[in-house]
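Keeping the supplied structure of chain A fixed, place chain B upon it in accordance with the hints.
Read off the chains here:
2 protein chains.
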Amino acid sequence: MLSGGLDSTTTLYYVLSKNYSPICLIFDYGQKHKKEIKFAKKIAKNLGLEYYIIKFNLPWKGSSLLDKNQDIPINRKLNSTKIPSTYVPARNVIFLSYAISLAEVMKVKYIFYGANQVDFSGYPDCRKEFILSFQKMANKATVLGNKGVKIEIKAPLLKYTKSEILKLAIKLKVPLELTWSCYRGKKRPCGVCDACRYRKKAFLTLGIKDPLEN
Amino acid sequence: MLSGGLDSTTTLYYVLSKNYSPICLIFDYGQKHKKEIKFAKKIAKNLGLEYYIIKFNLPWKGSSLLDKNQDIPINRKLNSTKIPSTYVPARNVIFLSYAISLAEVMKVKYIFYGANQVDFSGYPDCRKEFILSFQKMANKATVLGNKGVKIEIKAPLLKYTKSEILKLAIKLKVPLELTWSCYRGKKRPCGVCDACRYRKKAFLTLGIKDPLEN
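In order, the protein sequences belong to chains A and B. Per our numbering: the first sequence = residues 1 to 214. Per our numbering: the second sequence = residues 1 to 214.
Bear in mind the hints are in silico, worked out from the structure with no lab data behind them. Worth double-checking, as some hints may not be accurate.
A few chain B residues that don't get close to chain A, going by computed Cβ distances all over 12 Å [said to hold, decoys possible]:
1. K35
2. N75
3. K147
4. K167
5. L168
In the DSS-like style, the derived pairs of lysine-lysine whose C-alpha atoms are separated by at most 25 Å in a straight line are [stated by the list, open to error]:
6. B:K159 x A:K140
7. B:K136 x B:K150
8. A:K154 x A:K140
9. B:K173 x B:K45
10. B:K35 x A:K55
11. A:K77 x B:K147
12. A:K187 x A:K42
13. B:K61 x A:K55
14. B:K147 x A:K61
15. A:K107 x B:K82
16. B:K167 x A:K34
17. B:K150 x B:K128
18. A:K41 x B:K140
19. A:K136 x B:K61
20. B:K41 x B:K140
21. A:K41 x A:K154
22. A:K55 x B:K173
23. B:K173 x B:K41
24. A:K173 x A:K38
25. A:K209 x A:K173
26. B:K140 x A:K136
27. B:K209 x B:K171
28. A:K68 x B:K107
29. B:K140 x A:K154
30. A:K61 x B:K55
31. B:K136 x A:K61
32. B:K55 x B:K186
33. B:K107 x B:K171
34. B:K77 x B:K186
Each residue gets a CB set at the ideal place from its N, CA and C atoms; glycine is no exception.
Okay, chain A solo, but in the shape it has when bound:
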């Protein structure tokens, strides 16, 4: 699952470094930063990978990431335990559901999920507990799973801090200039939303410059 952000792109490069043959799954779900879709497409295309874009929308919104009448929160305390308004209810469940559909049809064994539960905003669907539970459900839901051909959901970055992710990205030669994090999706990263601030902190920690800041 490829959003075009730093985490999922690093996950993709990690997958390639392990010699798997990934199929990229990109989601166009009415997010304010739909700009990330272009980034995701470019990453997949540059690598010559097969990709699918799933388009849908959630008419009930319920998130500042979707709702034009709600602002993206800025300058929040990082690693706060309060779930921010950018949380999209069950969005990652929906994403993963499409992934298991693709996995069953294409006989794919692993779903790679760029979730991270260290430098994150407290989203419940980014935690190990959720991932394990989803995996269990997926194997009851599918014909293959019931035959014992298990689907596994892998989240290799789960326990990484954002700067550890960035370090790995650099090691794997991730084209950082092709990754988009900012929730606001304007011409340049806003620098003050959660996504920008975690990213900024990582670049600061490693003492390098974010190519998007040029």
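Then chain B, alone, in the frame of chain A:
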């Protein structure tokens, strides 16, 4: 979740008979029998209920219900344990994922699912085991679930035979002429696909005429 078929419509009328206030969730996912969507809309409208239609498609198909190059199987042995080609991988997982998104945003407590594991085609995602596992996952995935405000997935028809469902439908005054079952979605029910045959069997057992056969 309302497909416009006999099972989900009966489930809806059951929900109303229990004095709940349902919101209907209808899916437009490229099914060959897209005709059912019109039926579902009409049912919801006639009852004056709030409804949402979620539109998406599965580019990888993987089912004769979606793929124009694959015929809907006909005259299969009923209650065969062989999963038919009409099975859409992870489709019901996707449906339920949207339902938990809506449930979290609207603070809905119950999701009603018209699944049935007696007179059915052996789909793995229509079994109790799957439903319980999905519910567990849903409560780990959502903010409300993690706060202990549990979402419950109810499948009141799970253990009913098709004729018991039809009997209940008649008791609840379900407008049978507004329910559509046939997978082929032509002008009239084909009579030979799984959906038609289970329906036919039920009407035969009760010795009544299907209004769609007129």
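For the pair supplied as a hint, K55 (chain B) and K186 (chain B), is the alpha-carbon distance within the 25 Å limit? Judged against 25 Å, a Cα distance of about 21 Å means the pair holds.
Restraint status (C-alpha distance of K154 (chain A) to K140 (chain A) at most 25 Å): It holds: about 18 Å lies between the C-alpha atoms, which stays within 25 Å.
K167 (chain B) and K34 (chain A): Cα distance at most 25 Å? violated, 49 Å
Is it true that the CA of K41 (chain B) sits at most 25 Å from the CA of K140 (chain B)? violated, 32 Å
Tell me if the straight-line CA distance from K61 (chain B) to K55 (chain A) falls inside 25 Å. holds, 15 Å
So if I understand the rule, the pair passes when the alpha-carbon distance is 25 Å or less; does K136 (chain B) with K61 (chain A) pass? holds, 24 Å
Between K77 (chain A) and K147 (chain B), is the straight-line Cα distance small enough, at 25 Å or below? Satisfied, since the Cα-Cα distance of roughly 22 Å is no more than 25 Å.
Is K77 (chain B) within 25 Å of K186 (chain B), Cα to Cα? Holds, at roughly 22 Å.
Is the Cα-Cα distance between K35 (chain B) and K55 (chain A) 25 Å or less? holds, 22 Å
Given hint K82 (chain B) paired with K107 (chain A) - CA-CA distance at most 25 Å: Measuring from Cα to Cα gives roughly 19 Å; hence the hint holds.
Is it true that the CA of K41 (chain A) sits at most 25 Å from the CA of K140 (chain B)? It is violated: about 31 Å lies between the C-alpha atoms, which goes past 25 Å.
At 12 Å, judged by beta carbons, does N75 (chain B) keep clear of chain A as stated? Holds, because the least Cβ-Cβ distance between N75 (chain B) and chain A comes to about 22 Å, which exceeds 12 Å.
Hints 3, 16, 18, 20, 22, 33 from the earlier list are contradicted by this structure; the remaining hints agree with it.
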